[in-house]
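From first to last, the protein sequence lines are chains A and B. Under our numbering, think of the first position of the first sequence as 11, with each following residue one higher. Under our numbering, think of the first position of the second sequence as 36, with each following residue one higher.
No lab work stands behind these hints: they were computed from the structure. The structure displayed is predicted, hence computed values, not measured ones. There's no promise every hint is true.
[To be verified] Derived lysine to any residue pairs resembling SDA-like cross-links, with alpha carbons at most 20 Å apart:
#1 A:K93 x B:N316
#2 B:K59 x A:T145
#3 A:K93 x A:N53
#4 A:K171 x B:L135
Residue strings, one per chain:
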Amino acid sequence: MRTYALRRILQTIPILFIISILLFLMVRAAPGGPLTAARRNPNITKEQLELLEEKLGLNDPLPVQYGRWLGEMFSGNMGESIKFHRPVSEMIRERIPNTLTLVGASFLLTLILAVPIGVLSARKPYSFFDYAMTTITFIGQSIPVYWLGLGLIVIFYVTLKHPVTGDPLFPVGGMNTYGKEGDLLDRLWHLVLPVTALSLGWIAWYSRFLRSSMLDILHEDYIRTAHAKGLRAWVVHYKHALSNAILPLITLIALDLPSLFAGALFVETIFSWPGMGRLFWDAAKGRDYPVLLSVVMITAVLIIVCNILADLAYGWLNPQVKYE
Amino acid sequence: MNELSLGNRQSESVAALIVRRFFKHRLAGIAIAVLAVLVIESTFAFLSRYDPTTQNPTNSFQTSNAEHWFGTDELGRDIFTRILYGGRVSLTVGLLSTFLSIALGVVVGALSGYYGGLIDSALMRITDAFLTFPTIFVLILLGAFLREQQAAWLKNSVFVVIIIIAALSWMWPARLVRSLFLVLREREFITATRALGGSDTRIILRHILPNCIGPILVSGTLQMASAIITESGLSYLGFGVQPPTPTWGSILATAQNQVFRAPWIAFYPGLMIFITVMAINYIGDGLRDAFDPYVIHTEK
């Protein structure tokens, strides 16, 4: 187990290496690059521009530049934002908790709803409930998250109003009402619409997956034995069957993480949620390459770490898995 | 059961069998019709009385009426016409990027699965690296970056979007094809072909690949659906196809800016994306049934 974990971690090094080279080349090697904005600025003279190039080390050979950039990355120094003149690491550190709040809350809601839906559908396959859920999940999977988010804004902010005060039902911008920064209830209230938009597709996808996974397992002999012992149906379903059916879900969740962050990017943009996605979008509009590169790199590392954790968790939860 | 019924019937080609079984899936048949309508109406978008880009500010923010079925936007452009033209972009991007990504994926997967060894490990490491890319972030980064380049061909944004979506989605077909090749290359008919002196190229192209068509087509539908969602999302964020070319995503973006003034605009482009994606998903479902050998046994 320990050697497996170690090997898994070592395997990610070439992957990270490839990613970093691709990212670095993409932004530095082509014409334009980080000084494009400065070049267009008529107030900056040619001499100043050359000085700037020299200062940023843009005249060094590419491998040297790459090595320096990688070294800086490792020491946690991700450079300075071109637009805000602040250290990138500081800007990202501010945003990470906000994204994790949004993604975590959506994830929690997804599991709370998807698990019972999946189990209930599998308990009575081809029943009315199952068909209704199949239809709803097919719809949920096909709705683009940005349209759903916009639709929620139109319905719950623009159209529907509080019957007494006439205020919008839910807030659609930011994480807090101004002046109520520490208020947990206020935070939850702000979370409702973004979390709904982000979760719906996931609830659909995971309940579908759990349904078919459960259906496979309900045919197993040990389930029949459990029934024969006279155990109550819900004990068999939720304890015996679910604990095995949910295993493949763990791997799936790890593989889906990139898409979850992608969804968060859209939701953060639509609802002005000050997370990494929103930061990334703002940076992309302003061509703030240090910020862009760092966010991509951090997200990639995050995804790799989660993949490893999922692999290990799978082995830990499933004694049938043997690591050579 | 099946052998009996097949014996009574006149023998039919594999293709005809698959087509017949595809249309057994009623929703898949409907989905084909829906997609055909979408293709036809966006192809003949020029028949519309309006131009998708001509502005007419005196005519802005009309709700849907007999003149403008879906109303007009803030610049007085007919939304229905813009949606028809937007369909061209979505369907083109969906189709071509899927084609490219499948082509690349099949090459990588076939080489990797057939030859194994060093080729396999090298190609799979690259595939793994691409899989850990946070796709939408890289797409935005590339979109922002490529738009700054001087070369004219990079400015043709539809083309750029097709390439970058394909460049970040070939890994799934590659993995699928690799796993199919790993199984098929051990089968007896391949050993037989090799014993008869069949070259590697011949075995790969004539004997293994045709057996992979079903799963590849099914995964192609999934890819196309997600390519359409990605393109629209990218255009919605402003890093996809650039104005004035209308796309469903960019219409949605204007809708967001005008959400207080004209909330109805947000409805139509999203609905089109939704219908298209749903139709493609159902076609994928039908294809899965049509190619799945187990479904034969449930046939009457």
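Against the structure, the hints:
{"no.": "1", "hint": "A:K93 x B:N316", "in the structure": "violated (42 Å)"}
{"no.": "2", "hint": "B:K59 x A:T145", "in the structure": "holds (19 Å)"}
{"no.": "3", "hint": "A:K93 x A:N53", "in the structure": "holds (17 Å)"}
{"no.": "4", "hint": "A:K171 x B:L135", "in the structure": "violated (48 Å)"}
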